[in-house]
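**Q** For reference, the chains in residue letters:
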Amino acid sequence: MIRPFLAASLLAAGASLAGAQGLSSAAVIVSPTVASYSIGTGATKRTVTQTAVPLVFSMPVGERFSLDVTTAYATSDVTANGSTQSSINGLTDTQVRGSFSLGERNVVFTVGLNLPTGQYTIPEGQQEAAGQIGNDFLNMPISSMGNGLAGTGGVAIARTLGAWNLGAGASFRKSTEFAAFSVSSAELRFTPADEYRVNIGLDRPVGDGQVQFGVSYSAFGEDLADTTTYSTGDRLIASGAWNFPVRSANVFLSGWNLFRMEGEQFGGAAPKENLANLSAGVSFSAREVLIQPTVEMRLWQIDGVKAGNLFNGGVRMRFGVGGFSVIPAVGYAIGNIYSTADGSATDVTGYRGALTIRWN
Amino acid sequence: MRFVRPILALALLTLAAAPAAAQGAGGAIAKLEAARARNPQNVAALRALGVAYYKAQRWADARTVLDQARRLDPKDGVSALYTGLAAEQVGDLTNARDAYETYLRVGSTRRTKEQIRVRLVSLARQEALASAKAAVANEATLSRTPGNPLTVAVPPLTFSGTDSTLRPLERGMADLLITDLSKSARLTVVERDRMQALADEIRLSQSARVDSSSAVRAGRLIQAGTLVNGLIVQSGANALTLDARLVNVATGGIGPSAQVNNTLDQLFDMEKRLVFQLFERLGVTLTPAERQAVERRPTGNLQAFLSYSRGLQAADDGRFEDAARFFENARTLDPGFGAATQRFNAAQAATQSAAVTTTTIESSLGSGAEAQTVQAAAAGNTAPTGGITATLNNTVQNVNPPTITPLTATASTPVITTVLETSPTPQRDPSGNTSGTETINRTGQVIIVIRRP
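Just so you know, the protein sequences line up as chains F and R, in that order.
The first sequence begins at 1 in our numbering and counts up one residue at a time.
The second sequence begins at 1 in our numbering and counts up one residue at a time.
Please keep in mind that the hints were generated in silico from the structure rather than gathered at the bench.
One or more of the hints may lead you astray.
[Stated by the list, open to error] Quick look at which bits of chain F chain R covers, simulated, 3 or more residues with Cβ under 8 Å:
| hint | segment |
| --- | --- |
| 1 | 145-158 |
| 2 | 196-206 |
[Stated by the list, open to error] Simulated DEER-style distance windows between Cβ atoms:
| hint | chain 1 | residue 1 | chain 2 | residue 2 | range |
| --- | --- | --- | --- | --- | --- |
| 3 | F | GLY322 | R | THR285 | 36 to 46 Å |
| 4 | F | GLY62 | R | ARG71 | 48 to 58 Å |
| 5 | F | VAL330 | R | PRO40 | 49 to 59 Å |
Where is the CB? At the ideal position from N, CA and C, for every residue including glycine.
Please build the complete structure, drawing on both the sequences and the hints.
**A** Structure representation (structure tokens):
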């Protein structure tokens with residue numbers, strides 16, 4: 001619920017009604033991004049770096065149907081002592097999503113197809129890099145190179161309840177088998193579990209601002225690795241956000257909490273974990289440039305034990321060049337990860353830069 | 001559980017800030033006037049101000065700013081809708097109709113469009129009546145201005161015979177003649193409804209039935225140059241004579257006439273022969289295409305046409321439910337009778353028109369995107385800060401999220417803002433989680449999770 005909330009907020013700042021009512025034309029977005037995190041210091045320091053070029057194409061088809069296609073090219077490396085330990089690069093999977101709205105456009109059917117255009121079979125030398133980018137705590141731009149063919153179908157509805165808007169939706173994701181690992185010339189076939197997802201959200205205007213709350217619950221079936229089954233713990237994400245104007249600026253406060261229940265992995269239970277994130281930002285205009293500095297705090301727990309914290313600070317801007325919107329962004333992160341066994345801390349630092357260009 | 005606190009804090013802040021939303025109309029207008037002053041070309045500000053003026057019953061002010069908004073963005077549905085509503089409030093039916101028709105093209109709320117379609121039927125009748133009243137009021141002036149001889153009016157024919165079930169043909173035959181005469185590009189034929197409205201107005205002013213002299217008067221008021229004065233004479237059980245005389249409206253003088261005879265079952269053939277004679281008497285030479293169009297028959301089913309004619313009679317009497325029933329029967333008897341279907345729809349709309357007012361039109365916006373825009377305007381905001389559409393988009397994004405988290409792109413979600421997000425909620429794939437490969441590796445040890453069967 002956070003993303004669209006900020007969407008509405010920033011649109012209000014830009015006084016662009018079209019955004020609030022939906023895009024009416026095709027859009028192409030390219031967003032070259034570099035993100036890097038260093039874990040540890042001295043000889044034990046390892047650095048995970050990703051350079052990604054996501055590409056998005058969205059297009060309405062008639063009044064009620066819309067389509068978007070998303071893919072990326074990404075290079076991810078894990079280095080230690082100046083030498084590359086593991087790397088993976090190439091095109092990621094391609095996601096095609098379509099939405100069809102009914103009635104007063106308060107009911108939407110959505111479908112998604114994950115096309116296996118990326119590298120989904122990971123040989124031994126690439127496994128560390130492929131694994132590191134998937135971590136929730138670091139939240140790399142590209143978290144997976146490939147997951148095989150999968151499809152998602154869902155429905156969403158929205159209604160008003162007095163001053164509140166209520167949104168509710170459900171979806172089902174079905175994945176097909178793919179060769180996940182390649183070790184010693186042998187392949188491990190892997191079938192990700194089915195996923196059932198429900199979401200409920202509430203929002204309402206407050207003054208010239210808006211508040212928003214949401215809950216998403218995902219239940220996973222059993223993953224199948226060759227003939228052995230595993231299970232991912234069910235996931236609950238709660239979020240809240242508030243934006244409001246202060247003089248000529250807009251202030252944004254938001255937070256989300258991800259709780260993953262106990263699952264099953266090789267060697268026993270996968271522990272439950274919790275990830276919480278709070279952020280605050282303010283946007284204001286200087287001439288024709290929208291400027292948005294933000295701060296963010298992220299806290300990670302595994303099985304109730306502190307596992308990490310991360311503090312981010314950054315600034316983003318937006319301005320127009322001809323028919324393009326240009327959004328440069330930079331950020332710096334500092335924090336720690338902790339051993340859940342003895343509580344020992346390891347430093348984490350990182351940076352992130354992106355240059356997003358949008359045309360429509 | 002400590003993360004519950006921020007959410008509670010947000011909730012409390014929400015409650016604390018809520019009263020700010022309940023500002024009065026005056027405050028909203030002042031705020032929007034300030035927004036317009038800052039940027040007089042801002043469509044959102046003009047539209048919101050127009051809506052706020054309308055809500056405050058400042059109809060003229062509303063029209064002024066909404067007209068500006070429409071000039072800047074002709075495709076804005078809310079501006080068109082509220083222009084129509086404001087125009088109705090000040091009795092400007094023509095502009096109201098124009099604005100409503102624009103809304104039908106560019107608006108997005110289905111229920112409001114349904115209401116508008118009904119309202120347009122009512123507006124057309126009101127317009128015709130208003131025009132008739134104005135004509136009667138200006139009779140002295142209009143009478144001094146002779147109409148063009150090629151502007152033709154066809155009042156209902158007069159039936160003479162023993163079978164009263166044929167009397168509705170008075171209107172049915174007039175309708176056919178109007179339809180056929182209109183096929184010539186050289187003639188301007190007065191619309192039936194307009195002529196009827198004027199006849200009604202004259203009847204009201206005279207408290208008497210419209211006779212041939214009052215028809216001439218109506219023709220004069222409507223600026224017709226020629227009146228087709230028709231007769232349907234039943235002779236015997238099954239024989240009919242159709243007679244039509246051209247009347248010079250300016251002088252009242254009778255001009256050339258046309259006449260055809262045959263049996264009732266040849267009615268449509270008779271009407272075609274009569275209309276071709278009228279073209280000849282009027283000095284109009286039809287092109288081959290026009291002749292072909294005139295020869296086309298809307299129906300060949302006499303019973304369907306009789307029912308259609310009864311429907312016209314009922315509609316003229318203001319009995320729209322009866323009219324709808326007759327038209328429905330006509331199209332049942334002849335499913336290809338397009339005029340019957342059109343009249344049925346109009347009669348249906350007329351029966352509903354009493355229940356459609358500017359208030360019901362406004363409330364029909366419901367809770368869609370346009371309603372959110374109106375609500376925002378009433379609160380003094382130029383644009384909705386969220387709205388049901390945004391809520392729906394959020395839900396779609398949450399049940400079918402993009403795989404590349406920083407970039408969310410759909411046709412309904414503004415991508416520009418999503419890339420500005422501080423921290424997208426993780427949407428980790430389950431395979432990485434299950435295999436444990438996503439765990440941050442602090443030691444450099446490669447963990448390969450493979451369990452041999």
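**Q** Against this structure, judge whether each hint is valid.
**A** How the hints compare with the structure:
Proximity of the segment 145-158 of chain F to chain R, defined as three or more residues with a beta carbon under 8 Å from a beta carbon of that chain, is established by the 7 residues found. Remark: the segment 196-206 of chain F is confirmed as covered by chain R, as 8 of its residues place a Cβ nearer than 8 Å to a Cβ of that chain, reaching the required three. Under the hint 36 to 46 Å, the C-beta atoms of GLY322 of chain F and THR285 of chain R, about 59 Å apart, miss the expected range. Separated by about 28 Å at the C-beta atoms, GLY62 of chain F and ARG71 of chain R break the suggested range of 48 to 58 Å.
Range check, VAL330 of chain F to PRO40 of chain R: Cβ separation about 37 Å, and the 49 to 59 Å hint is violated.
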